[in-house]
Amino acid sequence: MNNQTVISIFNTANEAQQAVQNLEQAGFKLDFVDVAHREAANQGMGRTSDDSIGGFFSSLFGGEDNDDARNYLAAAKRGSSVVTVHVDSADQSQRAARILDEAGAVDVDGGMNANADKQPNANASNHAPNNQSGDAMQKAQVIEEKLQVGKRTEQTGGVRLRSRIVEKPVEASVRLREEHVTVQRNPVNRPATEADFKAFKEGEIEITERAERAVVAKEAHVVEEVSLGKKVTEHEKVIHDTVRNTEVEVEQIPSKKKLAKADAAY
1 MNNQTVISIF
11 NTANEAQQAV
21 QNLEQAGFKL
31 DFVDVAHREA
41 ANQGMGRTSD
51 DSIGGFFSSL
61 FGGEDNDDAR
71 NYLAAAKRGS
81 SVVTVHVDSA
91 DQSQRAARIL
101 DEAGAVDVDG
111 GMNANADKQP
121 NANASNHAPN
131 NQSGDAMQKA
141 QVIEEKLQVG
151 KRTEQTGGVR
161 LRSRIVEKPV
171 EASVRLREEH
181 VTVQRNPVNR
191 PATEADFKAF
201 KEGEIEITER
211 AERAVVAKEA
221 HVVEEVSLGK
231 KVTEHEKVIH
241 DTVRNTEVEV
251 EQIPSKKKLA
261 KADAAY
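Residue numbers (our numbering): 1 to 266.
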């Protein structure tokens, strides 16, 4: 486990308290968060508070001659509150630093310049990570890209069926029959008979005529069906691309004593 400590300095106690609340809401346990208010520490202690703060930063950074220790001590004297977060991973250290930055932590390095009376913009240099697992370690990250090939579906075409009504002229033949009444007069010259005398009275004879007329009707028949369907085919496609990776070369650095002996030989 790589224990680390993230330290931030705030100009006001309210800002420090808000930072602690933000840490708690982000899932950090308050058992691993410390807050020191300079006003409370100075009451009745005089120079003792400065000495204790200086001793804290000296032990944290490995000595009073460390530039980081001097910078943080000077910032702590100007600031109002110091928030310390103890974490056990680099990821938690970065999360804690980001939360403290957003809460208004002062820029320790920026506070040492001529504009020390102004609060600089917060950045990642506001915090002091401390590796408490032993000797400090320098890391070179080896990054390797991996090719990830996925699939997505896109429209490449299609077929649409649209129906419409079209009229066209047609013709058909039918034979029609008609009746016509004919009147025929024949001249007769003979003596009237008894039957003729019986028919010799008023009356009428009627014959009707009939004719056929064409009757038109339409009947619809389904003569064809058109349907749409899909068939699926698959094929292999080879993707050609390049990926990058980091190569770390290990080089031994000769000691200064060996270099001095080599210079003396010349």
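Warning: the hint list may mix true and false statements.
[As the list claims (entries may be wrong)] With a Cα cut of at most 35 Å, we get these calculated DSBU-like pairs of lysine-lysine: (1) K231 with K151; (2) K168 with K237; (3) K218 with K151; (4) K168 with K29; (5) K168 with K218; (6) K29 with K151; (7) K146 with K218.
Keep in mind the hints are simulated off the structure, nothing from the lab.
Keep in mind that this is a model prediction, so the values were computed, not measured.
Here's how the hints hold up against the structure:
| no. | hint | verdict |
| --- | --- | --- |
| 1 | K231 with K151 | 19 Å, holds |
| 2 | K168 with K237 | 52 Å, violated |
| 3 | K218 with K151 | 55 Å, violated |
| 4 | K168 with K29 | 87 Å, violated |
| 5 | K168 with K218 | 14 Å, holds |
| 6 | K29 with K151 | 43 Å, violated |
| 7 | K146 with K218 | 71 Å, violated |
Consistency with the previously given hints fails for numbers 2, 3, 4, 6, 7, ordered from lowest to highest.
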